[in-house]
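J.: The residues making up each chain are set out below.
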Amino acid sequence: MNTQDVYVVVNASPWNYLVPLYIFFKGLSVGALCISAVYTVFRSERFKTLAFPAAITSLLTFIPVPFLLLADLHQPLRFWHLLVNFNPTSVISWGTWLIILYPLCLLWYIARLGLSQGISIPILKGVQESASTSQGTFGLGLRGLSILTLSLALLADLYTAFLLGVVKGKVLWNSALLPGYFLTSAVVTGAALVLIVYLNKKPEEKTVRTLVRIIQGALALEIFFAISQWITLGATSLQGQKALELLWKDPVYLIGDIFLGILVPLVLLNKPSLNKKPVLMIGALLVILGGLLLRFSIVGVGIQAAGLWN
Amino acid sequence: MPTEKKRYGMVIDTRKCVGCMSCTISCKMENGVTYDGFRSWVDMTERGVFPRVKRNFIPKLCNHCENAPCVTVCPVKASYINADGVVLVDQKRCIGCGYCIVACPYSARYLHEGLKVADKCTFCVHRVSMGLEPACVHNCMGKARIFGDLNDPLSEISQYITKNGVQTLRPDLGTNPNVFYVDAEINKLPNKGGK
Ligand code: SF4
Ligand code: SF4
Chain S
1 MNTQDVYVVV
11 NASPWNYLVP
21 LYIFFKGLSV
31 GALCISAVYT
41 VFRSERFKTL
51 AFPAAITSLL
61 TFIPVPFLLL
71 ADLHQPLRFW
81 HLLVNFNPTS
91 VISWGTWLII
101 LYPLCLLWYI
111 ARLGLSQGIS
121 IPILKGVQES
131 ASTSQGTFGL
141 GLRGLSILTL
151 SLALLADLYT
161 AFLLGVVKGK
171 VLWNSALLPG
181 YFLTSAVVTG
191 AALVLIVYLN
201 KKPEEKTVRT
211 LVRIIQGALA
221 LEIFFAISQW
231 ITLGATSLQG
241 QKALELLWKD
251 PVYLIGDIFL
261 GILVPLVLLN
271 KPSLNKKPVL
281 MIGALLVILG
291 GLLLRFSIVG
301 VGIQAAGLWN
Chain W
311 MPTEKKRYGM
321 VIDTRKCVGC
331 MSCTISCKME
341 NGVTYDGFRS
351 WVDMTERGVF
361 PRVKRNFIPK
371 LCNHCENAPC
381 VTVCPVKASY
391 INADGVVLVD
401 QKRCIGCGYC
411 IVACPYSARY
421 LHEGLKVADK
431 CTFCVHRVSM
441 GLEPACVHNC
451 MGKARIFGDL
461 NDPLSEISQY
471 ITKNGVQTLR
481 PDLGTNPNVF
491 YVDAEINKLP
501 NKGGK
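As you go down the protein sequences, you meet chains S and W in turn.
Quick note on numbering: the first sequence equals residues 1 to 310 in my numbering.
Quick note on numbering: the second sequence equals residues 311 to 505 in my numbering.
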């Protein structure tokens, strides 16, 4: 028995390119901070010279985030409603506070990290002065402060995965894999950007190699998440199969994210050495592009797939 | 006996729908719905193999879900359920984030181009408060729509539900819709030509 649509209405989604861009930049910031935290939280001396530039990269990439969020509101002048009408069941309500607290903590972390490395930051002079006393950091040392900042960063990144994940009837998003997938992609894009920044300074071979290894590991994890997603979508329901079909038909996902953003960089970043700087740079740029395209395809196809079933 | 508290709902008897779309048009006129959005519409599918083919009409609107995802996700509590069980949007509070529009599994919301806020069916509360029926019910030439208080066992809608088997859209999602269908070709197949 065949059923054919003759006329079906699907009201258009008001979400446009700003939403994936917002998720992407937030991910870049969080990923770069994770690299900085390798030194400040996990005390890897090899990342000592990387910690500060990574933290600054994290801050700079966060700058577009609030603007993208505001631009995405169709009533931007009412943004303050978010601050006075907290809805505990809304993921956006929690996310709003996370993206306020995270950059504040990040500034404090940068000031404290700069202080520990003898770098004075004129615009953060006051913060640095107060951070030099234990009261100024509420008794938190650099490690405590970095754990706090990293926790906020991870939550600020994860909330977008939950924002999508809790939406009923969107089979592509309703997956326990999504938070891990997004976080891995955030780490890999942030690390790739830090690699580009670091290669333009005075890079040390060993540090570059370790950083590239982190990127390769995260890319491998992304492949794992992608394949897990394909299997679960394809095996569980007809809705899942239709969503998977759409995902595979989407060139942004298959050619953009999977091929150009994961597979090609895995080849380019193989056997990293400072003699292959341009190759490493291209690899890192492709990784960042892949992360951006992943956000576009997951958000776009997720909405499109649900439109088949409403 | 009716309880004090009302719970408004609607039954749509698809056997009586002829697909004339007067509900869609009257809703647009009554509520100033913009060109590219719909509060109320009629989906059409064809089922069967020639020469035994049947066209089905499925009028759709906001289901005024008891467990409304749009209300759950609204970060500023602009989407709410009023005392009569009607899901509404406070247009002065809405920030136009669009989350509710994406979160509605029935695609029943849209962004009002002029007002820049989320908009959807209100069961014509402005008419109901004056003792009138919603515009789509009033203008339905097939009398396919019955509106009323689901908490009143003597109301026409409650009696209709008792006498006819009804179903709701996507009951698997646990949204508990207050819009019910009689004899609708729903919940069976994907919209896009599945087998
Ligand atoms: S149908 Fe959609 S808009 Fe209406 S109450 Fe349910 S979730 Fe909200
Ligand atoms: S668009 Fe308006 S009603 Fe919808 S979730 Fe955002 S603030 Fe709430």
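It is worth saying that the hints were derived from the structure and are not from the lab.
Worth double-checking, as some hints may not be accurate.
Said to hold, decoys possible - Quick look at which bits of chain S chain W covers, simulated, 3 or more residues with Cβ under 8 Å:
| hint | segment |
| --- | --- |
| 1 | 6-20 |
| 2 | 66-75 |
| 3 | 79-85 |
| 4 | 102-116 |
| 5 | 192-198 |
Note that this is a predicted model, so its numbers are computed, not measured.
Note that CB positions come from ideal geometry on N, CA and C, so glycine has one too.
J.: Are the hints correct? Go through all of them and say.
T.: Each hint, compared with the structure:
{"no.": "1", "hint": "6-20", "verdict": "holds (count 10)"}
{"no.": "2", "hint": "66-75", "verdict": "holds (count 4)"}
{"no.": "3", "hint": "79-85", "verdict": "holds (count 4)"}
{"no.": "4", "hint": "102-116", "verdict": "violated (count 0)"}
{"no.": "5", "hint": "192-198", "verdict": "violated (count 0)"}
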